[in-house]
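Visitor: With these hints in hand, go ahead and build the complete structure from the sequences.
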Amino acid sequence: MINLRPRRSSEEEIQTAKAQRANKLAQYHHVLPCPYYQQIFCFAASLLKWFRAEQQRTDILAQLTEAQRQQRNKGNQSNNIKREDDNNEKEQSEKVQVEVKLSSNDQKLENKRDDLSIASNDEKEGEENEQEENKVAGNPSLMNMAKPCILRIPLANSIQKKLVYGLAFSTMKYCTVLEKILDDVGFYGEYPELREEEHLVLVTLYDYSVRNFQSRTSTDLDADVPPRDETESMKPRFADRTIIYPPTSKAFQEVEAAIVTMSVHFSAAIARIRVKEQVKSLRLLLPTEWRDAESKAENMPFYGWYNLLLGMSEIVLAWLKENNFTRVRGRLPAALEFADDEDCPDAFIFNHADRAVIMESPIVRDQFLIVQ
Numbered sequence: 353m354i355n356l357r358p359r360r361s362s363e364e365e366i367q368t369a370k371a372q373r374a375n376k377l378a379q380y381h382h383v384l385p386c387p388y389y390q391q392i393f394c395f396a397a398s399l400l401k402w403f404r405a406e407q408q409r410t411d412i413l414a415q416l417t418e419a420q421r422q423q424r425n426k427g428n429q430s431n432n433i434k435r436e437d438d439n440n441e442k443e444q445s446e447k448v449q450v451e452v453k454l455s456s457n458d459q460k461l462e463n464k465r466d467d468l469s470i471a472s473n474d475e476k477e478g479e480e481n482e483q484e485e486n487k488v489a490g491n492p493s494l495m496n497m498a499k500p501c502i503l504r505i506p507l508a509n510s511i512q513k514k515l516v517y518g519l520a521f522s523t524m525k526y527c528t529v530l531e532k533i534l535d536d537v538g539f540y541g542e543y544p545e546l547r548e549e550e551h552l553v554l555v556t557l558y559d560y561s562v563r564n565f566q567s568r569t570s571t572d573l574d575a576d577v578p579p580r581d582e583t584e585s586m587k588p589r590f591a592d593r594t595i596i597y598p599p600t601s602k603a604f605q606e607v608e609a610a611i612v613t614m615s616v617h618f619s620a621a622i623a624r625i626r627v628k629e630q631v632k633s634l635r636l637l638l639p640t641e642w643r644d645a646e647s648k649a650e651n652m653p654f655y656g657w658y659n660l661l662l663g664m665s666e667i668v669l670a671w672l673k674e675n676n677f678t679r680v681r682g683r684l685p686a687a688l689e690f691a692d693d694e695d696c697p698d699a700f701i702f703n704h705a706d707r708a709v710i711m712e713s714p715i716v717r718d719q720f721l722i723v724q
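For the sequence shown, my numbering gives the first residue as 353, with consecutive numbering after it.
Keep in mind that the hints are not guaranteed to be accurate.
Within a straight-line C-alpha distance of at most 27 Å, the following computed BS3-like cross-link-like pairs (lysine-lysine) qualify [what the hints assert, rightly or not]: (1) LYS673 x LYS525; (2) LYS513 x LYS499; (3) LYS602 x LYS532; (4) LYS628 x LYS532; (5) LYS632 x LYS648; (6) LYS426 x LYS525; (7) LYS532 x LYS673; (8) LYS525 x LYS499; (9) LYS648 x LYS514.
Label pairs and their in silico Cβ distance ranges [said to hold, decoys possible]: (10) GLY682 x LYS587: 58 to 66 Å; (11) LEU684 x VAL616: 22 to 30 Å; (12) ARG679 x GLN724: 44 to 52 Å; (13) SER570 x ARG424: 20 to 28 Å; (14) THR417 x PRO714: 52 to 60 Å; (15) ALA405 x ARG643: 22 to 30 Å; (16) LEU660 x ASP592: 48 to 56 Å; (17) ARG717 x SER570: 20 to 28 Å; (18) LYS514 x GLU545: 26 to 34 Å; (19) ASN564 x LYS514: 35 to 43 Å; (20) SER522 x PHE590: 28 to 36 Å.
By construction, these hints were calculated from the structure, which means they are not laboratory data.
Using N, Cα and C, we set each Cβ at its ideal position, and we do this for glycine too.
Guide: Written out as structure tokens, the structure is:
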């Protein structure tokens, strides 16, 4: 007798079905599925924090260098003024001796006045120098500005590194707009405890704003962030150095829940900014040079060459043919096309739209094809 009862799905099949359903809904509503997981958000937040700390450090160093240069120029100008005063005194004394003889008492009084004015200027310059030295000595952070911050991100592989850097760089470009959105909705007024996780809030808000605040689908990759090494900062070679660690998984979950709760307010704030600036998307608020660079990067082809140590190019060509890739000559390839490099016979040129397919293919996984 045939058993008509449906087979019970496993947990893995249920999660896969949920992910497929979420991606289909996202495509239907023209929303991008989230390619990141919580480790990526935490690592990108620490990387963004390191970027901004280094930018602040270089700006302060530039200001200190400029102040020292101006101080040296001021000292040189004061020396030149003293020399000019001495020369003027000599010329005046010679003219006076030729034309009119002044009394010795009047000449002594003039010299005393000049000496007093020069001495008062020297005292003022000495007091200014002492005040600047006391400021630098009283602020230990200025004493260590020459030492960059140390970033600790336990990246697992190159794919994770690419995702982390891509999310951090994209967020950094929109930092001004994102901070304006946070101020508009009063986010830190509602969640003051999340102000310490400012960079994690920025990267999470950027991802949700790009995907129109579609809920993120949890996957098996949502593992906890590795714990930090608390004893590392006690080592002598890390003395007076700032070590930046990624936020914890618990912090990300709190930030994500807060952003999802206020998603309607964020959507309204973005709409108000678009209406005020008269733009269709927040991307149009970026400088023209940045938008041009993004469009060029999206259309830039990528290269790959077959591994001569593992065999000939037939393995790579066979896989490309099986997956409906067409070979073209004399022009750059479009989607689902590839071309041969004229200068390097063992290299292939692919369209940027096919990069994800090529990177996940068995020929790349088994190292038959090495992607640039």
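Visitor: For every hint, state whether the structure bears it out.
Guide: Evaluation of the provided hints:
Our distance criterion of 27 Å between C-alpha atoms is broken by LYS673 and LYS525, whose separation comes to about 40 Å. Using a Cα cut-off of 27 Å, the hinted pair LYS513 and LYS499 holds, with the two alpha carbons roughly 25 Å apart. A threshold of 27 Å between alpha carbons decides the hint, and for LYS602 with LYS532 the separation of about 26 Å falls inside it, so the pair holds. A C-alpha spacing of about 13 Å is found between LYS628 and LYS532, which places the hinted pair at or below 27 Å, so the restraint holds.
The straight-line distance between the Cα atoms of LYS632 and LYS648 is roughly 21 Å, inside the 27 Å bound, and the hint therefore holds. Distance check on the hinted pair: LYS426 and LYS525 sit about 39 Å apart at the alpha-carbon level, beyond 27 Å; violated. For the hint pairing LYS532 with LYS673, the CA-to-CA distance comes to about 50 Å; that exceeds 27 Å, so the pair is violated. For a cut-off of 27 Å, the pair hint linking LYS525 to LYS499 stands: about 25 Å separates their Cα positions.
The suggested pairing of LYS648 with LYS514 holds, with an alpha-carbon distance near 18 Å, which does not exceed 27 Å. For GLY682 and LYS587, the Cβ-Cβ distance of about 59 Å falls inside the hinted range of 58 to 66 Å, so the restraint holds. Range check, LEU684 to VAL616: Cβ separation about 44 Å, and the 22 to 30 Å hint is violated. For the pair ARG679 and GLN724, the supplied restraint of 44 to 52 Å is violated, since their beta-carbon distance comes to about 19 Å.
At about 59 Å, the beta-carbon gap between SER570 and ARG424 misses the expected band of 20 to 28 Å. Checked against the hint of 52 to 60 Å, the pair THR417 and PRO714 passes, with Cβ atoms roughly 54 Å apart. A beta carbon spacing of about 27 Å between ALA405 and ARG643 agrees with the range 22 to 30 Å that was offered as a hint. Checked against the hint of 48 to 56 Å, the pair LEU660 and ASP592 passes, with Cβ atoms roughly 50 Å apart.
The given range of 20 to 28 Å is respected by ARG717 and SER570, whose C-beta atoms sit roughly 25 Å from each other. The supplied range of 26 to 34 Å is met by LYS514 and GLU545, whose beta-carbon atoms lie about 32 Å from each other. For ASN564 paired with LYS514, a C-beta distance near 24 Å fails the hint of 35 to 43 Å. Taking 28 to 36 Å as the suggested C-beta distance range, the pair SER522 and PHE590 conforms, at roughly 31 Å.
Figure legend: structure checked against the earlier numbered hints; hints not met, in rising order: 1, 6, 7, 11, 12, 13, 19.
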